[in-house]
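Taken in order, these protein sequences are the chains called A and B. Heads up: the first sequence at position 355 corresponds to 355 in our numbering, and the numbers run straight through without jumps. Heads up: the second sequence at position 231 corresponds to 231 in our numbering, and the numbers run straight through without jumps.
Keep in mind the hints are simulated off the structure, nothing from the lab. The C-beta atom is built at its ideal place from N, Cα and C for all residues, glycine as well. You may find that some hints are simply not true.
[Said to hold, decoys possible] Taking CB as the label site, the calculated pair distances span:
1. A/E98 <-> B/G87: 36 to 44 Å
2. B/S119 <-> A/E102: 23 to 31 Å
3. B/M1 <-> A/P106: 47 to 55 Å
4. B/N207 <-> A/V217: 50 to 58 Å
5. B/S101 <-> A/W326: 49 to 57 Å
6. A/E382 <-> B/E38: 50 to 58 Å
7. B/V346 <-> A/E102: 46 to 54 Å
8. B/K419 <-> A/T294: 42 to 50 Å
9. A/Y423 <-> B/G458: 30 to 38 Å
10. B/G458 <-> A/T66: 40 to 48 Å
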Amino acid sequence: MNWKSSLQQSFEKNTDMILQKLDGETEVSFYLEAEESEFVRFSKGQVRQATAVDQAEVNLTIKTKTKTSKISFPMTGVMAEDRQRFLLYFGKIQKELEALPENPFPIQFASSGQSFTNKEGQTPNAEFIIDKVKADASKDDFVGYLASGPIVRAVKNSKGTYHWYSTDLYFVDYSLFEGQQAVTANVAGSRWVEADWQNSLSESRAFLDQMRKPKKVLPRGEYKAYLAPSAVSELVSTASWGGFSQHAFQVGQCGLKQVFDGTKKLSSMITLKEDFTLGLCQPFSSNGELAENTVTLIHQGVGEKLLTCSKSAVEYKVTSTGANDWEHAQTLDLAKGQLSKEKIFKEIGTGLYLSNLHYVNWSDRQSARMTGMTRFACFWVENGDIVGPLQDMRFDISLYDLWGSQLLALTDFQETSVNNLTYIKRGLGGTRLPGALVDGFRLTL
Amino acid sequence: MMWIHKITEKTTHRQIKNEKLEESETTIDRGARVEVFENGVIGYAGTQDISSEGLIKAEQKARRLSVASQKNPLFRFSENIRPFAKGQYKSPIQKSLDSVSLEALMSLLIDCTKAMKTSDEIILRQAGVTIVETEIHSTGPQGHETLQNFSVISLNFMATAQRGSEVQYRTLHGRSAAYQIGAELFSRHRLIPNCEMLGRQALELLNAENCPTDQVDLILAPDQMYIQIHESIGHPLELDRIIGDERNFAGWSFVQPKDFGNLQYGSKLMNVTFDPSRFGELASYAFDDSGMKAEKQFLIENGKLVRGLGGLESQERSGLPGVANFRSSSWNRAPIDRMANINLEVGNTETEEMIQSMKKGLIVHSNRSWSIDDYRDKFQFGCEYGQWVEDGKIKKIVKNPNYRGRTLEFWRNLAYVGKDSETFGTLNCGKGEPSQIIRVGHSSPYCLFKNIEIFGGG
Numbered sequence: 001m002n003w004k005s006s007l008q009q010s011f012e013k014n015t016d017m018i019l020q021k022l023d024g025e026t027e028v029s030f031y032l033e034a035e036e037s038e039f040v041r042f043s044k045g046q047v048r049q050a051t052a053v054d055q056a057e058v059n060l061t062i063k064t065k066t067k068t069s070k071i072s073f074p075m076t077g078v079m080a081e082d083r084q085r086f087l088l089y090f091g092k093i094q095k096e097l098e099a100l101p102e103n104p105f106p107i108q109f110a111s112s113g114q115s116f117t118n119k120e121g122q123t124p125n126a127e128f129i130i131d132k133v134k135a136d137a138s139k140d141d142f143v144g145y146l147a148s149g150p151i152v153r154a155v156k157n158s159k160g161t162y163h164w165y166s167t168d169l170y171f172v173d174y175s176l177f178e179g180q181q182a183v184t185a186n187v188a189g190s191r192w193v194e195a196d197w198q199n200s201l202s203e204s205r206a207f208l209d210q211m212r213k214p215k216k217v218l219p220r221g222e223y224k225a226y227l228a229p230s231a232v233s234e235l236v237s238t239a240s241w242g243g244f245s246q247h248a249f250q251v252g253q254c255g256l257k258q259v260f261d262g263t264k265k266l267s268s269m270i271t272l273k274e275d276f277t278l279g280l281c282q283p284f285s286s287n288g289e290l291a292e293n294t295v296t297l298i299h300q301g302v303g304e305k306l307l308t309c310s311k312s313a314v315e316y317k318v319t320s321t322g323a324n325d326w327e328h329a330q331t332l333d334l335a336k337g338q339l340s341k342e343k344i345f346k347e348i349g350t351g352l353y354l355s356n357l358h359y360v361n362w363s364d365r366q367s368a369r370m371t372g373m374t375r376f377a378c379f380w381v382e383n384g385d386i387v388g389p390l391q392d393m394r395f396d397i398s399l400y401d402l403w404g405s406q407l408l409a410l411t412d413f414q415e416t417s418v419n420n421l422t423y424i425k426r427g428l429g430g431t432r433l434p435g436a437l438v439d440g441f442r443l444t445l
Numbered sequence: 001m002m003w004i005h006k007i008t009e010k011t012t013h014r015q016i017k018n019e020k021l022e023e024s025e026t027t028i029d030r031g032a033r034v035e036v037f038e039n040g041v042i043g044y045a046g047t048q049d050i051s052s053e054g055l056i057k058a059e060q061k062a063r064r065l066s067v068a069s070q071k072n073p074l075f076r077f078s079e080n081i082r083p084f085a086k087g088q089y090k091s092p093i094q095k096s097l098d099s100v101s102l103e104a105l106m107s108l109l110i111d112c113t114k115a116m117k118t119s120d121e122i123i124l125r126q127a128g129v130t131i132v133e134t135e136i137h138s139t140g141p142q143g144h145e146t147l148q149n150f151s152v153i154s155l156n157f158m159a160t161a162q163r164g165s166e167v168q169y170r171t172l173h174g175r176s177a178a179y180q181i182g183a184e185l186f187s188r189h190r191l192i193p194n195c196e197m198l199g200r201q202a203l204e205l206l207n208a209e210n211c212p213t214d215q216v217d218l219i220l221a222p223d224q225m226y227i228q229i230h231e232s233i234g235h236p237l238e239l240d241r242i243i244g245d246e247r248n249f250a251g252w253s254f255v256q257p258k259d260f261g262n263l264q265y266g267s268k269l270m271n272v273t274f275d276p277s278r279f280g281e282l283a284s285y286a287f288d289d290s291g292m293k294a295e296k297q298f299l300i301e302n303g304k305l306v307r308g309l310g311g312l313e314s315q316e317r318s319g320l321p322g323v324a325n326f327r328s329s330s331w332n333r334a335p336i337d338r339m340a341n342i343n344l345e346v347g348n349t350e351t352e353e354m355i356q357s358m359k360k361g362l363i364v365h366s367n368r369s370w371s372i373d374d375y376r377d378k379f380q381f382g383c384e385y386g387q388w389v390e391d392g393k394i395k396k397i398v399k400n401p402n403y404r405g406r407t408l409e410f411w412r413n414l415a416y417v418g419k420d421s422e423t424f425g426t427l428n429c430g431k432g433e434p435s436q437i438i439r440v441g442h443s444s445p446y447c448l449f450k451n452i453e454i455f456g457g458g
């Protein structure tokens, strides 16, 4: 029996065992996050470190009419061992519940039926990528890593809900360097496609060629700029931390508060959705609630819906959208516009071509201001031609302006990128975004 | 050769919001990292099945990865990178964590949020405690064995004030109040006055003017110094960054190998140490994950760069002097060069003297925004609370204080270093591929920097 099957069998049997022990007063929900991963890290086209990880964590929420508590613990896929762990930690959390104060906003676990999704693939292992990089990138200064293998999310609760989502995924997130000049790229999927890999390397090398020209040092000021989808992604990903959250909105910490309270309107080109139909992540929350297929956050520049988890729904007496507990976006889609790829440089005219941004953070949430840096393949363009790579610059700009009066066009194509975060565990989700042409992009240092 | 690191960690998080329970969550993590060293290359495997069958499987995976990596290794290491070690470490605790009941802790946190309510305009009052208890048991060849037990507490207190559309908040030290400590931290007579202060200062910010745009003398309080040190000294001195491992993610460094022993990093008042022995600081320990004994070392002495932050692997690869900082976040990640306790040593100026020296200037407290480039040069920080100084006296409070600058120029403008140090830390320093978060500590006194660009919000 493989890792995934053992895990599934142990999860089902042991959650059933606990469910059978419940009295009428107590409800429980189990949320499983698991992966069987191989990571291979490269520098200078050679292997720095290779790590294999099997991990599975069960998040158990227990509640009575007035009290709620949570405990998370590891499971192994070994039935007998896991049985002991389920019993041990269920006992502990039951006992702890007695000592806790009442929960003022008790949520209801969802009764949302059952579903089973298993996206089978064939992901590359460590040996494969080590050979591949040696064969195809040994002459490049290749730095980055492979993360590969199955990922599982599942939820089961005492209301009869059971959803299982497993997917085989990999990504190679890498950069090519030449001295201090660099380009970055990501190849991802559920099975290796040789052409994608070769095309990615070729495109990266072509970009790197453009960076051999002398570096352009710019003074501070405001510039016309094209932000490629990967640069837009940095802004959107930062915005999703508190920018679309019901809770953050209610306590005055929403980075796009004025869009959602109706005092500011963004450009009518901005239609932003949380879109689970992209198939990038599981469509259910940790308590079993099914997310709405699409949640329109901003429609033609007007704030429409906030991401709302079941806890916020109870506390603020609004409707849940099935968001995760943190209410950050997992699978964002920004509608495309009309700017074609061929016209990008012509439309920039004289200005900036920004492939990537780095270390973006809110600098003032109250005015939707973000700061960050240009990074990797960013260029100075004059009269529609690349003059040379840009010396990295800091920007500090309000999204109200950037996505408002300063937005000139969105591209007529979008790029899908998968979540490549691997803090503690591998993430799921991603974005589908166009590029954006803007005016007045403010460089400050 | 093989090493096994068994790691058990219990994290409990309790949070009260407006005198009611907001969150109660416990996370138990337990697993082992098996490391197999063959022909100069280590393969790693992490498992949560720590039975002998589970460890055998992990060993097989680690060996397989070592063999695969040997086909194209970045470096073949000597056995010197894994010194023999035997010993123990325990966080300095005066009062056991078990000595405070859950009921008593919740009652204290409820009273903390009550204390923040200095006005009806304080709309949100949060008091949260995260307690982490970690045990790392490492075994290896020829009786190599270390056992390290950590007790960590992080406080997350926040008062938010609102008037109309204006919202301002104060947190306890910008959420950097994190220490190796026991239940003695839960002292009602220390915490309650702090919470009252947060409520008062959040209200002050509602009434305050926006920070002006100017170029002035700037004093950083220790709870802002901690992140200034972290981002513009700690990260650029990591040897694995300097030799290129992090270029795809966290970034490179403006520091070059030839800079060690030569670069005047800051003014002569600048003395920075790696100090894993400091009492109660978040990243104190006795051995790093390679088994290297952790000892205090100067990184910057009288402003000159003398040593980097790199463990034995980076030291062997680069030939540069380093420290015992080869650490992993847990059983499921391979160790890399990490910061630990990076401290600015005290100077000889009273804070009051610094203020008196200022014709026009700003004092900033508690970080709320941070960003720096991938070479660790151009930074921008925002703080929660500013005090505007004119003619040597604090004249008023300003809201949304921000400043920006470039690392070497900034540290060379260090003009005064205070006499008394304060210690802070964070549980969440991020780095690495795959990514890791780790605990770091920073101690610093108040410091004054000349001629810094400041600006406000909006």
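Here is how each hint holds up against the structure:
1. A/E98 <-> B/G87: 36 to 44 Å: holds (41 Å)
2. B/S119 <-> A/E102: 23 to 31 Å: holds (26 Å)
3. B/M1 <-> A/P106: 47 to 55 Å: holds (54 Å)
4. B/N207 <-> A/V217: 50 to 58 Å: For B/N207 and A/V217 the Cβ distance comes to about 43 Å; the hint is violated.
5. B/S101 <-> A/W326: 49 to 57 Å: violated (30 Å)
6. A/E382 <-> B/E38: 50 to 58 Å: About 55 Å separates the Cβ atoms of A/E382 and B/E38, which means 50 to 58 Å holds.
7. B/V346 <-> A/E102: 46 to 54 Å: Since B/V346 and A/E102 have Cβ atoms about 48 Å apart, the given range 46 to 54 Å holds.
8. B/K419 <-> A/T294: 42 to 50 Å: Violated - the Cβ-Cβ distance for B/K419 and A/T294, about 59 Å, lies outside 42 to 50 Å.
9. A/Y423 <-> B/G458: 30 to 38 Å: holds (32 Å)
10. B/G458 <-> A/T66: 40 to 48 Å: Holds, since B/G458 and A/T66 (Cβ atoms, about 44 Å apart) stay within the stated range.
This entry does not satisfy hints 4, 5, 8, going by the numbered hints stated previously.
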